[in-house]
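Q: Here's the letter readout for the chains.
Number of protein chains: 6
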Amino acid sequence: MPHKFINEIEPGQPLSDIYIVKDPILRSTTKGDLYIAMFLCDRTGQLNARMWQASEAIYKALSKPGFVQIQGRSELYQNNLQIVVNSVSVVDRSKIKMEDYLARTDKDVEKLFTEIQEILGKVKNSDVKLLLKEFLSDDELMKSFKNAPAAMKLHHSCIGGLIVHTHTMLKVADFILPLYPKVQADLVLAGVFLHDIGKTEELDYDMVFSYTDTGQLIGHIAQGLLILKQKADSLAAKGKQIDKTIMDSIGHIILSHHGQYEFGSPKLPATAEAYMVNYIDDLDAKVWQVTEAIENETSDSNWTAWQKSLETKIYRKRIEQ
Amino acid sequence: MPHKFINEIEPGQPLSDIYIVKDPILRSTTKGDLYIAMFLCDRTGQLNARMWQASEAIYKALSKPGFVQIQGRSELYQNNLQIVVNSVSVVDRSKIKMEDYLARTDKDVEKLFTEIQEILGKVKNSDVKLLLKEFLSDDELMKSFKNAPAAMKLHHSCIGGLIVHTHTMLKVADFILPLYPKVQADLVLAGVFLHDIGKTEELDYDMVFSYTDTGQLIGHIAQGLLILKQKADSLAAKGKQIDKTIMDSIGHIILSHHGQYEFGSPKLPATAEAYMVNYIDDLDAKVWQVTEAIENETSDSNWTAWQKSLETKIYRKRIEQ
Amino acid sequence: MPHKFINEIEPGQPLSDIYIVKDPILRSTTKGDLYIAMFLCDRTGQLNARMWQASEAIYKALSKPGFVQIQGRSELYQNNLQIVVNSVSVVDRSKIKMEDYLARTDKDVEKLFTEIQEILGKVKNSDVKLLLKEFLSDDELMKSFKNAPAAMKLHHSCIGGLIVHTHTMLKVADFILPLYPKVQADLVLAGVFLHDIGKTEELDYDMVFSYTDTGQLIGHIAQGLLILKQKADSLAAKGKQIDKTIMDSIGHIILSHHGQYEFGSPKLPATAEAYMVNYIDDLDAKVWQVTEAIENETSDSNWTAWQKSLETKIYRKRIEQ
Amino acid sequence: MPHKFINEIEPGQPLSDIYIVKDPILRSTTKGDLYIAMFLCDRTGQLNARMWQASEAIYKALSKPGFVQIQGRSELYQNNLQIVVNSVSVVDRSKIKMEDYLARTDKDVEKLFTEIQEILGKVKNSDVKLLLKEFLSDDELMKSFKNAPAAMKLHHSCIGGLIVHTHTMLKVADFILPLYPKVQADLVLAGVFLHDIGKTEELDYDMVFSYTDTGQLIGHIAQGLLILKQKADSLAAKGKQIDKTIMDSIGHIILSHHGQYEFGSPKLPATAEAYMVNYIDDLDAKVWQVTEAIENETSDSNWTAWQKSLETKIYRKRIEQ
Amino acid sequence: MPHKFINEIEPGQPLSDIYIVKDPILRSTTKGDLYIAMFLCDRTGQLNARMWQASEAIYKALSKPGFVQIQGRSELYQNNLQIVVNSVSVVDRSKIKMEDYLARTDKDVEKLFTEIQEILGKVKNSDVKLLLKEFLSDDELMKSFKNAPAAMKLHHSCIGGLIVHTHTMLKVADFILPLYPKVQADLVLAGVFLHDIGKTEELDYDMVFSYTDTGQLIGHIAQGLLILKQKADSLAAKGKQIDKTIMDSIGHIILSHHGQYEFGSPKLPATAEAYMVNYIDDLDAKVWQVTEAIENETSDSNWTAWQKSLETKIYRKRIEQ
Amino acid sequence: MPHKFINEIEPGQPLSDIYIVKDPILRSTTKGDLYIAMFLCDRTGQLNARMWQASEAIYKALSKPGFVQIQGRSELYQNNLQIVVNSVSVVDRSKIKMEDYLARTDKDVEKLFTEIQEILGKVKNSDVKLLLKEFLSDDELMKSFKNAPAAMKLHHSCIGGLIVHTHTMLKVADFILPLYPKVQADLVLAGVFLHDIGKTEELDYDMVFSYTDTGQLIGHIAQGLLILKQKADSLAAKGKQIDKTIMDSIGHIILSHHGQYEFGSPKLPATAEAYMVNYIDDLDAKVWQVTEAIENETSDSNWTAWQKSLETKIYRKRIEQ
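Chains as they are written, first to last, in the numbering used here: chain A, 13 to 333; chain B, 13 to 333; chain C, 13 to 333; chain D, 13 to 333; chain E, 13 to 333; chain F, 13 to 333.
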């Protein structure tokens, strides 16, 4: 039986399916009975759920978050859909069809990573080379880099989204750099590769996409700078001091890549390299958003619904080829 | 003897050189004597000038604007440098070294135009093809397109600047379009080619760069849309009706290519193609501005002077190759 | 039996009435049965509707949009009201009480048009006269001018709204121009008459109010300029070249009449005439909005509900006469 | 001999003329000699001046500000023009041609005041009538109202400017109110009359235009509200309590008449009457600014210089009548 | 039986409890039957209610607003919860547990007032002393000062909120003034005490919190200035003229204490004292908002829900002591 | 002979004094002669200088920057004052009266540091204690902390400015924290101490105040976070892992202490502690700016000159004590 997706549930339906339980809390009613308040989620969204007649044992057995098989029923409560859970049992992760719970890119991530290494292989400056190698050889970081989404919602919000986004940006940069011989290609390539590296720590993407506490308090821009510093420190500990101008220039690209203060960049671009990374990032993110909006539109209209982040509807009609 | 450039003149110098006279006015002093107030210009700037003991005959002989050989002297007047002109005589344009008066790109404009035609040759949609041909075969418009500057000041402000800017943008588009298969290449190529076509009418660039009255009142964005409509009308008159979706989509790219209302776009981008033209335009313009700022800096500092339009100084130090 | 208005329908009611069907789509359920998803509308709003057990024949018979007699029932679905349609039959337009479906001004449109012609008859400049005559004698355009709404929602959003708005503005202009003898009356009168002429193409108002594709992509401001150009071209074709200063000045009024970039004007007012049209337009639109808000308020409070576009509630209490 | 205006003085000229002395300070040099630093002003501007070899007696004799006959000479000091004063003597005000020192409207102020009273005579509500009478019969306030400028710089910055501005606005209101029968005419007329009444206290305009301390700290908007309250209090003391709705509505017009928070209005318009006063004010002020800019332009260009407060140049070319 | 709070009511429940009735309106159905539309409120919110089969007598008996005992039932209507009232009877205020209907500070208001008087007792300037005494001895105003909330929603929105807020601010000022000896302590203390005095007139807080008409049209900032003027006038009437610089300085603090135009201050701070009051106000208000958000959060998350006015979620995790 | 300050030099004076030479460049004239372009500075400003007839030897002898005794003369060149240098000789730093060249606080820095340590001694949380100790025991960093200015221009721009600013803020925090028992005092104290620690690396203040390259590209906000991380890393290396919540919370205070995106904070305050540091910082900085503006005003006016960063003039008149 196929998974019943959260966004397909209507009021008054019996439910018997596997969902992710998130933020469960054990509470007592005014009469003193225990119940569990929680969210049930999959890749399409989340719903409030209540399990009445719960016990501390049931509550303790739950992973937070974790996969659970539930029996229950959907209801309207104060005009909102919620799920009343009758029974709940923990399900082993190995039995899960993960793609029902977390969107994942359909691109071949290892192939993208190989191509990224090839493009970065064109870097000539020895210090930039060293620095990139320090990143590329950090297996744990690269594993995160291959799995992280590029954003919570706006674009590339899927497992592998970060590497897909970075890969396309590197190809764009590689294509157009010959047209701009005065722009320092090594800095642009390193800057593109590292501009969103802080996303590996900003977002949690094990079962659901969410900000980590550090991600929310510090943000991927400053976190990226910290990771860059850490790599330079670890090279320095090995006796390889990265040139200060290079550190400043790459750090500046990371800090300024949102292009405007109101988008969270504490510095405006002050080099041609920083401008280039800023616009390539914008281009790739906006084209993704527009494309997604067009593909997700379910009506037959020439226009998508209003896109809040773009302050417009998107025109869907295509010209003849 | 080399031309004495306007920005090299110091107070108290005798002057005997050729300048462009601009906005001459015949006035009378309180005593009733006639004098001429005017500007003298070359590619480096302009200065106020006064010719006392003038006559209506002298005034009438002046082209407005035009080249003149002047004899005179530089002075401080109310703390501003001005030129007191003793004699003035009209100079034939054939005797002028034009590059002293108007900056001109050092690129081969005809070669750029050939390459532009080659890239536009990749367009597949028959209506877009027709439309582009209508533009490319308008010799007078193409002559303007090859000569116009891309902007008064900010970027590519030289004779030929518009075609240089458009050519680079087309190459960028041509390079990166294969990375974005869902973006309609024909519209992007046409949109890049036409996004600034209104500049041919917005700016005057015969002797000095200035806005035309229409340019200032209507602006190159709306002027570009009018030219597009005119070409479609002239095709329609020949029995070839351009598809409405194509007209809307290209018109929309022209209108939205500044990306934000406060930069004079009456519409925000609402298609992937419009976003792409917007960012490629920004990228090319900003890289030019940064590069120019670095090259024009005369100090040895690691930083240029403050760049008002970029809201920052520019960092000039380069990493080792 | 009076028409049951969309905004009066409550859940669980049987329905037998005529509505406009909009955007119908034929779809199949997971079991393969065909159904039609559509909107049902009248002047008070629209609701989602579903006709289960539909057929391709039924779908094809529907005008899109068009008037239909439906039998059905209102329901709550995912907390939203929707209509389940049991049967649907096309209704001839001649049988419709149009005022139930499209709000229409209660002013005498032909009388307004006569008065507009009288006021425009005061224009003295021969070129402006010619231009206005070219507009006034374009019967099709004038028919649209008499029928178009002045806006989708904010003000004068009814059939005839554009001419009502323009008529009042012309009377205001006509009254106050004698107080400002240095302001060029001919340009103000022509500018007021034409400032929103692009609305005739921006909005669709045959059965429901909506933006046309061109309206959304190009906008009434740029469309107005195109229509102005078209009229001048057609005069030119008849050998009557309109003076360039006049074309620039009227075009500038159209482009700048929203007064600020963020309201979609690509040019800020740069003439007294443009300022005058801008403020008269604002005045008439805002007074309409305030008046409507006061009249539509159903509570007895001294204040209307929050008016999002005005960023305030409106005070309704009136002083004694 | 005609007055030598401040803006006509060039460096190195002997001077013997009457100016206003402003902000004189008695100081001693490092050697202990006394000198007076001061400004010399007329209607065209002001210049720094120094009188060396001054004495306490000379200093004490000066009105602050006051008219003085000076003998001296113009000089450049640190690139700024200043005047070195050799002798100074107080001049009786009766000997002064005041129009050289303070710009004054050329309109007949008493006639304007009569017309204002006529228009206000149309008010029907008895409380509004009472309130207006309380203002009109306050001779001292009305004297200020007839003399105050309407602004320091932007518009109507001349003696009598406030009444000229208010008079035109009242005529506009009187003309257009019949077009808007739902707008409460009494409130609009009172609101226009009183919207800038605080200017009588915000600005000093006895010899030179400047802000009073209260004007700068409190501002004409809040000052206007205080004056309104004061009049109502004085009526209440006579047993005539003005209706609260009327007080709130007129107070609201005064507070909101700048239309936007960033222009110093602590409240946005929340009544049709407030919107009407706001736009009529804007219209009259902007038309004045544009007209002034055109008339003050000394070049023959089609465009004025850049107008900072309007964010544009102004187009000066007029069409044929 | 404990009060059933408005925010605890679910659809389909029988209700028999005391609520505040607000804005009742007597209307007739299409059939001519009378019914009453009204709101029922307590401290947790309000709901729409309808009493069918009403009569003019029932309607007239209702206080507007007032306490009523109702019998009825909760229902969903157009997806919104509403209450159908079967019977209604007026309840005497003496029988009410007021804390169920209006939140009240749990601080000892009289003690706070004593401490406020002690701190204000440190003022040295005799005119400021006089002015403060005039306020402190106005028993009616001080009663309002002790009861008014400090804001409708954002912070200290409870009976007594204004005095709690003012008291804390005075203690902050008293603590830190010794660190800033150049700041005029008397003005800061008076400014803090009076900065929100207009709230006593801006808000209605007898049964429910709401803006008065004057509050909405004029606002507490301008109202505060009017009260200040009134006190000075009443002192002047007793022969005690308050120094103009003091009036200007305190008035300026009141006007500028929101710190920015867009927050409703018609003047930006122009004295050290105004800056100090502005920041102490912001500090106390924001710490309250953050603390409230943390305490009101019902989930176990490390983060509160999104706080619209702060443009962020709030981090709730505390460090170990 | 006292030092002739840069801002006291007038055109046409002979000069023989010691200045700091900055950014010297060796250039050749069109004729091939060598000359040195440089700036001469002291605490009051800087002037362009030219030494004609220079040699490579002279150029090489100059420290860049360094103290030099010059002989020369002041001149006007293109309306700007510049210095023509005839001879230049390097001066040993030991002979310099440093206070002529760099403004220094007149507070006792060591005493301030002792008091800072006392206040920080109140911290209770053991991890925060450890972290602070790691900073306080870094002698080199603390030396910088005692010498750095707090800003280039706006406030506390003197040697020692950073510690003076931090010290006052700590005293304010220490005074008011008891009033806010729910705010975590340890985090506020640590946050205040560290909020501007990045200034030690952002600014160069050895001879003149200027931004370092890193300061301009990365900024003191991100630099502060890097220093915090570095200290935690060095503690971790000693086996003392600082709690993540503490690191996040203090890092967040550093990042958000400018309070708004447009002031360079990449995160808005999301804790009560962050808000408190933000407002105490603003308060101390703004009071300093206002006080400085008042004290530096040389006129006798009640108002200072326009303060660009405060968008107002400052009122200087004080009330009687």
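The set of hints was computed from the structure by calculation and includes no laboratory data.
Incorrect hints may appear among the rest.
Since the list gives no way to pick out one identical chain from another, each pair is judged satisfied if it fits inside one copy or across any two copies.
Pairs of lysine-lysine, PhoX-like flavour, derived with a Cα cap of 25 Å [as the list claims (entries may be wrong)]: (1) K119 / K134; (2) K325 / K141; (3) K329 / K252; (4) K241 / K252.
Q: Evaluate each hint against the coordinates.
A: Hints and how they fare:
Proximity of K119 to K134 under the C-alpha cut-off of 25 Å is restricted to the intra-copy arrangement: shortest distance 24 Å within a copy versus 28 Å between copies. Within a single copy, K325 and K141 get their C-alpha atoms no closer than 44 Å, and across copies no closer than 28 Å, so neither meets the 25 Å cut-off. In this assembly of identical chains, K329 and K252 lie within 25 Å of each other by CA distance solely across copies; the values are 21 Å between and 55 Å within a copy. Taking identical chains as interchangeable, the C-alpha atoms of K241 and K252 lie at most 25 Å apart whether they share a chain (13 Å) or sit on different chains (20 Å).
Hint 2 from the earlier list is the only one contradicted by this structure; the remaining hints agree with it.
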